[in-house]
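Fit chain B to the given chain A structure using the hints.
Just so you know, the protein sequences line up as chains A and B, in that order.
Read in order, the letters of the first sequence correspond to residues 0 to 538 in numbering that gives the first Met the number 0.
Read in order, the letters of the second sequence correspond to residues 0 to 538 in numbering that gives the first Met the number 0.
Any given hint could be a false lead.
[What the hints assert, rightly or not] Quick list of simulated restraints, FRET-style, between CB atoms:
1) Thr298/A with Trp12/B: 53 to 59 Å
2) Gly370/A with Gly194/B: 20 to 26 Å
3) His364/B with Ala230/A: 21 to 27 Å
4) His352/B with Glu380/A: 30 to 36 Å
5) Gly506/A with Thr374/B: 39 to 45 Å
6) Arg29/B with Thr367/A: 55 to 61 Å
7) Lys436/B with Gly506/A: 38 to 44 Å
8) Asp23/B with Gly506/A: 52 to 58 Å
9) Met9/B with Ser128/A: 36 to 42 Å
10) His364/A with Gly37/B: 58 to 64 Å
11) His364/A with Met9/B: 46 to 52 Å
12) Pro18/A with Ala356/B: 50 to 56 Å
13) Glu126/A with Gln536/B: 35 to 41 Å
14) Ser474/A with Val171/B: 28 to 34 Å
In case anyone wonders, no lab produced these hints; they're calculated from the structure.
Yeah, the Cβ is synthetic: ideal placement off N, Cα and C, and Gly gets one too.
There are 2 protein chains.
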Amino acid sequence: MTTETTPAAMMRWNGWGDPALAKDLPLAVRALLPTVLGRVHRAEPAVALEDVRLSPSALAAEDRAALTAIVGQSHVNTDDEARIRHSGGRSTIDLVRRRAADQNAPDAVVSPAGHDEVLAAVQLAAERSIAVVPFGGGTSVVGALDPERGSHRAVIALDLRRLSGLLHLDEVSGEARFLAGTTGPESERLLAERGFELGHYPQSFLYATLGGFASARSSGQNSAGNGRFDAMVIALRVATPTGEVALGGAPGTAAGPDLMRMFLGAEGILGVITELTLRVHRLPETRIHQGWTFPDFATGVEALRRVAQLGTGPTVIRLSDEAETGIGLAQHGKIGRALSKGCSAVTVFEGEHEVAASRQALTEHVLTAAGGRTTGSAPAEEWAKGRFGAPYLRDALLDHGVFCETLETATIWSNIARLKSAVTETLRTGFADHDAKSLVMCHISHVYPTGAALYFTIIGNLRGDVLDQWDAIKSRVNDTILANAGTISHHHGVGRDHAPWLAQEIGAGGIRILRAVKDALDPTGIMNPGALLAAPQAG
Amino acid sequence: MTTETTPAAMMRWNGWGDPALAKDLPLAVRALLPTVLGRVHRAEPAVALEDVRLSPSALAAEDRAALTAIVGQSHVNTDDEARIRHSGGRSTIDLVRRRAADQNAPDAVVSPAGHDEVLAAVQLAAERSIAVVPFGGGTSVVGALDPERGSHRAVIALDLRRLSGLLHLDEVSGEARFLAGTTGPESERLLAERGFELGHYPQSFLYATLGGFASARSSGQNSAGNGRFDAMVIALRVATPTGEVALGGAPGTAAGPDLMRMFLGAEGILGVITELTLRVHRLPETRIHQGWTFPDFATGVEALRRVAQLGTGPTVIRLSDEAETGIGLAQHGKIGRALSKGCSAVTVFEGEHEVAASRQALTEHVLTAAGGRTTGSAPAEEWAKGRFGAPYLRDALLDHGVFCETLETATIWSNIARLKSAVTETLRTGFADHDAKSLVMCHISHVYPTGAALYFTIIGNLRGDVLDQWDAIKSRVNDTILANAGTISHHHGVGRDHAPWLAQEIGAGGIRILRAVKDALDPTGIMNPGALLAAPQAG
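Isolated chain A (complex conformation) (with noise of 0.2 Å):
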């Protein structure tokens, strides 16, 4: 029995999140800019959604006919408006394509109600040589959404937010099945209602699906208390074009690889999940919040390196360096205006009293120990508050012409130093190239005993080609990473924009091996193509 689920709401067509939470730039953020851009042009004002042109759907009367027999007439859409609302992801390219009247969509939305319809939808589209993009959430940054069709004669965007609700909750083991479509805040609700969370919170988690959090290694914002989604998901069923695959179960298993992690980070090159086990605990007795300040980066660094190696047990960790804590960037409401020296950072403990409080006095002495000073409860309850906020001020910004985008990476503690050297001098070199100028924040908000994920927020005033000048510079950055020892994402993923660096990290033989069950699970490569792998383009 699915439990009673509410509809996921859509985002807005053209940005991020609620319509009616879309703000314009915060006055002190306006006063701010030409300090640190200089002039600044506002941009063209975006085109609206009904001025949009597509390309007609090239999806054939019979395709649509066989569709329809399996997940209902009013489950194949292709009017412009679904297209285009399907059609890519929330990256700063994708806002920025979806400023011009030309776009690109996929030729049909198709929105199955379950396993069943989605295995026949993926056969169907297999036989029919109709490429698949599995669609979530819709907040893929990396390209992962874009409708690709390959060599194929048509491709559909597969909804999946029909695929909602939670099947099965196991009180005693901390398990929870569910439907692979729900999205953050759903599951959220319905495990609260029984006294639990997932406690999984990346910035798309008012809007991303299990599925999608699964497919994308995505990673919480209380990764540091209860680690990555990877390391939730306990069982998984997947619809492939040659049939169901079923994974997973016992904890700690030694029977053979686990294959299951094939599908974690696959970004629906093999299939589409459609259900998911996951390990979930009692909501949190108790929330201790602590803001601390540090000298300077590297100080910061050395205490949340001690934090995670000795393991004294925060749920969030995280450290913004001195142009993020500069510019009030980790704390939304006051952002341009709290202009702040050193380092700030936030610590969050949960769990039992006990738990929390032992974990917290823990944390604190070490902290304090390397040289940081507690700033109170305030500044951490300030960036909860905020912690979902972040990506309307890009489209704010994007209203006034500034480019805005952020990337990530990881690598190991001895690194760290020299991989955000490297990358913010690529990139304000890069700007630079293009006449721009641009600040380059980083924060490390995901810290793992051998290393910890850097995320840059970087804005810039580029004018012209944004999208050739920032793939020009991405580029850059990406080769910068690898020659650097970092990895290609942390938690953004690969989708199409990371693929030719992906091919350079895992090398041949990690491409031989993807490429191997690619072609067992989806001989005829209709499941989103170009994502990951290389596609076939249509000859």
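Positioned in the frame of chain A, the structure of chain B alone reads:
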């Protein structure tokens, strides 16, 4: 630069461990046996090494010459003793087979010195249709090392113990790169010189190699604190018949699926792991031992579940059932003497003083609230002293004509009682059907938030064709495990003994993935044929 390394010791050819430590059965156990099993008939004396009869080596002269060209004359060995010493692992079945005069063995033992020699050897073997069984410490208990040639002309054991040493230690990141043939004790010795520890202590620790731990998805006695071996592996270098594969590196990457995982648990069917980068930590400042007793197993299980789910952080936590507690199996020095009631448990806490003390206090609070009573440090220290000794007891029991074997599985917390009862009943019935009495003991030694492993030790007075009888019993147990939502192995692995049940556990979809990767990396199927996947046989 490789740090200086000491050569790995070899085990007794037909039993466990150091021949000098082999002992007769303790008097207390001998006194106990008639009560438990009734009449036991002392076994026939085992065959002497010099009386073992092997088929002549099937390695052709030109194969030998070609292998010699790679590894050198003295590292291609076809004498009987070397072949016998590489003729399988250390399951009870292996030991019983070694008591007979006619035995199987690989056609040669080849001992390469590094990655390049391993790669050249497996590529040569692929060209010449020679099966390759990668051989580390020889401690497999699931038939992963049987000299099976499949459809090939011959089979060689590739002894990897010359690949020994620490290649690099990053003290800041807590990462160590090792050659894969380094044994447990040697890796800890090399790390301890620098103030670090890996902290992986399975019962095979004294002989097994790091590559073996990775290949078999080993789990050590400190798994509650340090994680499974899977969790320690950061990067791998693998020699496959189709070339080198190098995967892993950055912590917490989302660069596509974690392909490195394909080699963890692959048991040598895809290639040979030659180097590993492992997560290591500073030697713990302190170690706190604390023993516990619970009125019954169900109460103890519930207590362990709370500890695992609250995350109070023991390094070791284990619970013996009433039968195991009754004969004192977990108190190695006192086995058969310390007849106790209830269920005994052991906890160990490690780390910096404050961290370890805090973990101990939180855990004590939870265990006490759940109905446990502490028995002080002595029982836990006693357990720690004898932690690698149990396999010697098996040899002594076999000498006395008592069949003794272990098997293990894992399941979710809500299913522990059902699975334990089903396996116990199947074992008892299985022995009874062969007119044998049996004693089935069980403990939990690996806990996870969602479940735990069940480890069974069985003794029985089987007589006659013990191999056939145990094969029939074990087969029924494996069926029972899968019918009751257990996994076919928590840490022993699959080998050849569990291969038919692996196919059931991971289904046609899982086998399709595994086979696809195998075919891509080892197209002629020379790598450990018959392990995990059934191998074609010579026509």
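So, going through the hints one by one against the coordinates:
1. Thr298/A with Trp12/B: 53 to 59 Å: 57 Å, holds
2. Gly370/A with Gly194/B: 20 to 26 Å: 23 Å, holds
3. His364/B with Ala230/A: 21 to 27 Å: 26 Å, holds
4. His352/B with Glu380/A: 30 to 36 Å: 32 Å, holds
5. Gly506/A with Thr374/B: 39 to 45 Å: About 53 Å separates the Cβ atoms of Gly506/A and Thr374/B, which means 39 to 45 Å is violated.
6. Arg29/B with Thr367/A: 55 to 61 Å: 60 Å, holds
7. Lys436/B with Gly506/A: 38 to 44 Å: 57 Å, violated
8. Asp23/B with Gly506/A: 52 to 58 Å: Since the Cβ atoms of Asp23/B and Gly506/A sit about 54 Å apart, the hinted range of 52 to 58 Å holds.
9. Met9/B with Ser128/A: 36 to 42 Å: 59 Å, violated
10. His364/A with Gly37/B: 58 to 64 Å: Check passed, 60 Å falls within 58 to 64 Å.
11. His364/A with Met9/B: 46 to 52 Å: 48 Å, holds
12. Pro18/A with Ala356/B: 50 to 56 Å: Given about 53 Å between the Cβ atoms, the range holds.
13. Glu126/A with Gln536/B: 35 to 41 Å: 37 Å, holds
14. Ser474/A with Val171/B: 28 to 34 Å: 31 Å, holds
Of the numbered hints stated above, those contradicted by the structure are hints 5, 7, 9, listed in ascending order.
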